[in-house]
Amino acid sequence: MKQCMRNLFNFIIRNGWWLLAVLLIVFSFYLVFTQNSYQRSVYLSSANRVSAELYRLSGKVTSYFYMRKNNEELLTQNAKLQNELQTLKSYLNNLVLDSIQTNPFVDDSTMTARFRFIPANVVNVSFFGSNNYITLDKGLQEGVKSDMGVVSQNGIVGVVLTASDHFSVVIPIVNPKFRLSGKLKNSDNSGSIVWDGEDLHYAQLEQLPKHEVFNKGDTVVTSFSRIFPKDMVIGFVVGQGKTNDDNFNAFKIRLATDFHSLQHVFVIEDIYYEEESILEKSVE
Amino acid sequence: MKITLLREIVWFVALILLQTLVLNRISVFGIAIPVLYIYFLIKLPKNRNLFYVVISGFLMGLIIDIFLNTPGINAAATTIIATLRKPLIDIFFSKVEYEDFVPSIYTETGAFLRYSVVMVLLHQTMLFFIESFTFFNLTSTLIRIGASSVLTLILIVALDSLIYRRISGI
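Chains as they are written, first to last, in numbering that gives the first Met the number 0: chain A, 0 to 283; chain B, 0 to 169.
In case anyone wonders, no lab produced these hints; they're calculated from the structure.
Just so you know, not all the hints are guaranteed correct.
Unchecked claim - Cβ-to-Cβ under 10 Å is the rule here; a few derived chain A residues that face chain B: (1) TRP17; (2) SER50; (3) SER57.
What the hints assert, rightly or not - With beta-carbon atoms standing in for the labels, derived distance ranges: (4) ASP164/A x TRP10/B: 26 to 34 Å; (5) GLU71/A x LEU141/B: 37 to 45 Å; (6) GLU52/A x PHE11/B: 14 to 22 Å.
Note that this is a predicted model, so its numbers are computed, not measured.
C-beta: ideal position from N, C-alpha, C; glycine also.
Turn these sequences into a full structure, and let the hints steer you where they fit.
Laid out in structure tokens, this is it:
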């Protein structure tokens, strides 16, 4: 018996590394299958303190490379906003001149904006095959929570997956696990936005009715979404897409957001999100 | 012994930083990503304790996973490679008797290249097929495995040649 035990003990000592290897591999696969769902641990993502800090530091350096491009984009955006401001101002002036008509337009003082925008910086964009994620430098302390929408000045970026105190990880449009419904701006038929895992600049608008037609350059915007406001730009149609299902139509779209040079984004906080989801849950 | 351990720790950290902060931002045509951190396992001495090899491989993969938000993928692939390392070394360097033998491109050029090719190809295949549990497209997966392997091998050969030069002071 004693001899037997000793043999067993020796066997484990000699081949223990094999057992350990098998255990570690099983554990890794456990991570693959559990962590790929939407429930993720903050510690195993780039939102944890050490990796996020490192990314923030290196982001400081690399951000200089894209400064020029980002500046130009900000200028364009600024000009657009100026235009809008001028139009609204002159419109407002007209209303004031005609004093009788202003009364119906007096704001209800209890009305507040439904969406609040939290500015954030991109500290890292990780590309790994098709597993792309974005790390932001704002977290729970700044009001960023999971399931909030993220946009850039050009268009939709993605949805917050998980957040730590000061950082958060975003799952972008350019990840096959991302789903969002979208539609052409001048149409009412919704389809879903799908990324095929190939090119960071293009995605597809699928599951559209067969009779839907497009013009090159048509704007694709968000339709029903609990996360994004209506009519936010996703991208622009560039041509006919590929689809396996003959009953539906698909368009290829160029994404409005450039993920290579992405630096400044806004996280969208929906003030009524909780109220809406509680109400919807109570019906189910 | 202590100096070897220290040097290995420095390599470990340096390769992780290089991989996450530099190499992962290089994405050639959106298909090839150099995965150089496996160089750490390739360069461990032949007679290194196998517990040490497996654990360091697992930790390396897990840390990379944390940085890339790919929980388990790199950890699983790298642990498998760490487990297969010993039999592969025995096959490719069967003539070498020296116990503390470290695979290098200068001492055994042909054997080192064959050994690296097999290690990298296995690693890439594991990586992309484990990743494919969540997303699959055979042609693009195969192209990615091929392109990433070639890129990784070029870097391994370059790095190994560079290190030999520095040590031998040429």
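Verification of the hints:
1. Interface hint status for TRP17/A: upheld, as the beta-carbon distance to the closest one in chain B is roughly 7 Å, under 10 Å.
2. Satisfaction of the interface hint for SER50/A is found here, the shortest Cβ-Cβ separation to chain B being roughly 5 Å, below the 10 Å cut-off.
3. A distance limit of 10 Å between C-beta atoms decides the matter here; for SER57/A the minimum to chain B is near 5 Å, and the interface restraint holds.
4. About 32 Å separates the C-beta atoms of ASP164/A and TRP10/B, a value consistent with the hinted range of 26 to 34 Å.
5. With their beta carbons about 39 Å apart, GLU71/A and LEU141/B fall inside the hinted range of 37 to 45 Å.
6. Checked against the hint of 14 to 22 Å, the pair GLU52/A and PHE11/B passes, with Cβ atoms roughly 19 Å apart.
Violated hints are absent here; each numbered hint is respected by the structure.
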